[in-house]
Amino acid sequence: MKTPIQFQLNGEDVAAFVEGGANLLDTLREAVGDLSVKGGCWQGTCGTCTVLIDGSPRLSCITLAESVAGRSIETTAGLRRGADLHPLQSAFMERFAAQCGYCTPGMLMAAKALLDKNPNPTRENVVEAIGGNICRCTGYEPIINAVLDAARGDSRHRA
Amino acid sequence: MLEFRKDIFADERDDNLQEVGQPTQRQDMLGHVTGTSPYYDDHRFANLLHLKILRSPHAHARIRSIDDSAAARAPGVKRIIRAADVPVNLNTLLSLIQFGKDDEPSLATDVVRYKGEPILGIVATSERAALEALALVRVSYDQLPAVFDVEEALKPGAPSVNATYPKNTFEYYGKYDHQKVRFGDVEAAFKQADIVVEDRYQMSPIEHAPTETNGSIAVPDTNGRFIVYTSTQALFFSLDTSAKINAVQSNQLHFIGGTVGGGFGGKVDTLTEPLSILAARLTGAPVRYRFGRHEEMQFGSPRGAERIYIKDGVMKDGRIVARQARAYFDSGAYTRLSSYAVVKCAAHIPGPYTIPNVHADIYCVFTNRTPATAMRGFGVTALDFALECQMDKLATAVGMDPLEFRILNAYRDGDMKAHRREAKNCALIECAQVAAEKANWPLRDEFRRMSSRQGGTHERAGVADRTRTPILVPAAKPAPADGTDRTRPIVTPPVPAAPQRIAYERPAPPPPAGTAPPPPPPRSAPPPPPAPAGSTHGAARFSSVFGTRRR
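Residue numbers (my numbering), protein chains in the order written: chain F, 54 to 212; chain W, -10 to 540.
Chain F extracted, bound-state conformation (with noise of 0.2 Å):
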């Protein structure tokens, strides 16, 4: 038995039938196809699925489906504006805070929710941000000073 539903994906309507009990991470991916939102742990603890919904990052693997009809939800896909890339995205770029890649796109999320509710945060606050998402290759600190650059508007390739 599934059930339908309807959210707000990067700003378009979108809609899924899912299964009881189905994640919102396996929606995205599986029955919607927004295949930048990428699976660690499935269990809540290395932030590598991190969706923003109503603005707030949120572990799409432990979110069950159902519960973000009518809502709105941002992922790293929605973040390019056309062929602009978002300050971000260019400071990670910039800054080699990515290496294999597959953890960037929570990264991002959670530190889109930061600078979408501090637009000049401390160090420490990028650090607060980024607290629950593990990255195995590059380390922290070319992500923490990809943010800050991003939050200062350092980005060459600024949108």
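FYI, nobody ran anything at the bench for these hints, they're computed from the structure. Possibly wrong hints are sitting among the right ones.
Each computed SDA-like pair below joins lysine to any residue, with the alpha-carbon atoms no more than 25 Å apart [stated by the list, open to error]: (1) W:Lys67 <-> W:Gln241; (2) F:Lys55 <-> W:Arg117; (3) F:Lys55 <-> W:Leu37; (4) F:Lys55 <-> W:Gln241; (5) W:Lys104 <-> F:Lys55; (6) F:Lys55 <-> W:Leu79; (7) F:Lys55 <-> W:Glu116.
If you only want the chain F side, here are some residues facing chain W, beta carbon under 7 Å, derived [said to hold, decoys possible]: (8) Ala69; (9) Phe70; (10) Leu88; (11) Ser120; (12) Gly123; (13) Thr129; (14) Gly154; (15) Tyr155; (16) Cys156; (17) Thr157; (18) Tyr193.
Simulated coverage check for chain F against chain W, where a stretch passes if three residues somewhere in it have a Cβ under 8 Å from a Cβ of chain W [stated by the list, open to error]: (19) 96 to 103; (20) 179 to 191.
Heads up, the beta-carbon is just placed ideally off N, CA and C, and yes, glycines get one too.
Dock chain W against the given chain F, drawing on the hints supplied.
Chain W alone, transformed into the frame defined by chain F:
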């Protein structure tokens, strides 16, 4: 910012590497920041099936019976894969290069040898259906005694872990139960050594924990082939291994990979592809076999545990004259790649230092733990941890600065290594000199003048050879400006510095034709020749001044 020190490495290569030290954008970065990089699981297929694996809850047990009848009737189940379905159900990764015997089944037959070992697979229309069916499988076990410690596993009467290697040791060249290094005479050298330092080092297994877990999707193609999307770090290695286990020609498999969500060595073992391909063959449908995080931790190979015993003999003048080492690699229940790590370890027993008498025994040991594999320098990493701890202890024991102690003992060009390879293109001394300069670590002049190009010979640190003229240098060394003492005593009780410290100076070799090496340093050191980078450390004298290639 990275620096390309051509003054050190110019004679290694002639090309002008403009990229070093310059920011260069990675070609895959745009995909990463836009979430469009194609990881294996970002390929979509209609009617995708899902493979999940029943795993052993015991570290060592005999399988008495398996009842999967209820699972076969469960909703969504398309196929149960049993050990008998695997065409070649015994393999070892390095058999592709004729190294080691096949010892690991894809699905256990009669005995499980570690917690997490695969027993049976279920292919179903969803991961959830496969997991719910797995819960219906009934397996009856007779538990067997298990062994988890490398030295316990080698004792008489220890449980035998691996049926292919019943003595719990990998077999080298068909007859040796460990790797040996024999160089010089350590016993004689220990008798002559002024100080002997002995210790035990140990490292636990380390999980790679890539954020993307291991996985693959096998898709039947229209021409009898299978397209395999995979997270592997070793595409052709995985292809050939999968072809062997499935008893198909390798040209029947088309592997697509290259975008890997973190690996660090943990994605070279071909853990998922053989069974996802088999499942696709048996069902005719695309099949995904993806590890959950718990599987990645329990079943995905870690870096293996190691235990290392080292005994070193050192002279008061700082020369290391003997090293005896005994090391044990915990391979877990099967070989995978630990046998190879042991070979690397054997070659690295002296570290980057010349030691004229070396005696080492290194074992690849089977225990009832998760099989170990590659991880970032495996075979060398734990040993280096042990060796460099040991180097600090030795330096303290003879009252030498730890960096000068390393420079004194570093390989020179022409030195004979313990495994009988001549040292070539050495640069440890120069690297240490540059590092010391950048860190404002004071080096005495004679150490700043030392060079990897001078003094190398396999006899240079012979114990009995007292004929070389040591030069005497003052014991007192200027304290760091901030008044702190950076040489912390590690050996207890710390051996006080000798009243006069003797540094070992090698006779200069005859100058090669067409070059003008600096003369052996007299008591009052001449100022070093000008360096291209404007620095005056010893490294500047090393190669760019001579403008010649070494060898």
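Right, here's what the structure says about each hint:
no. : hint                 : result
1   : W:Lys67 <-> W:Gln241 : holds (24 Å)
2   : F:Lys55 <-> W:Arg117 : holds (15 Å)
3   : F:Lys55 <-> W:Leu37  : holds (19 Å)
4   : F:Lys55 <-> W:Gln241 : violated (39 Å)
5   : W:Lys104 <-> F:Lys55 : violated (37 Å)
6   : F:Lys55 <-> W:Leu79  : violated (43 Å)
7   : F:Lys55 <-> W:Glu116 : holds (17 Å)
8   : Ala69                : violated (15 Å)
9   : Phe70                : violated (14 Å)
10  : Leu88                : holds (5 Å)
11  : Ser120               : violated (18 Å)
12  : Gly123               : violated (24 Å)
13  : Thr129               : holds (4 Å)
14  : Gly154               : holds (3 Å)
15  : Tyr155               : holds (3 Å)
16  : Cys156               : holds (5 Å)
17  : Thr157               : holds (5 Å)
18  : Tyr193               : violated (13 Å)
19  : 96 to 103            : holds (count 4)
20  : 179 to 191           : holds (count 4)
Figure legend: structure checked against the earlier numbered hints; hints not met, in rising order: 4, 5, 6, 8, 9, 11, 12 and 18.
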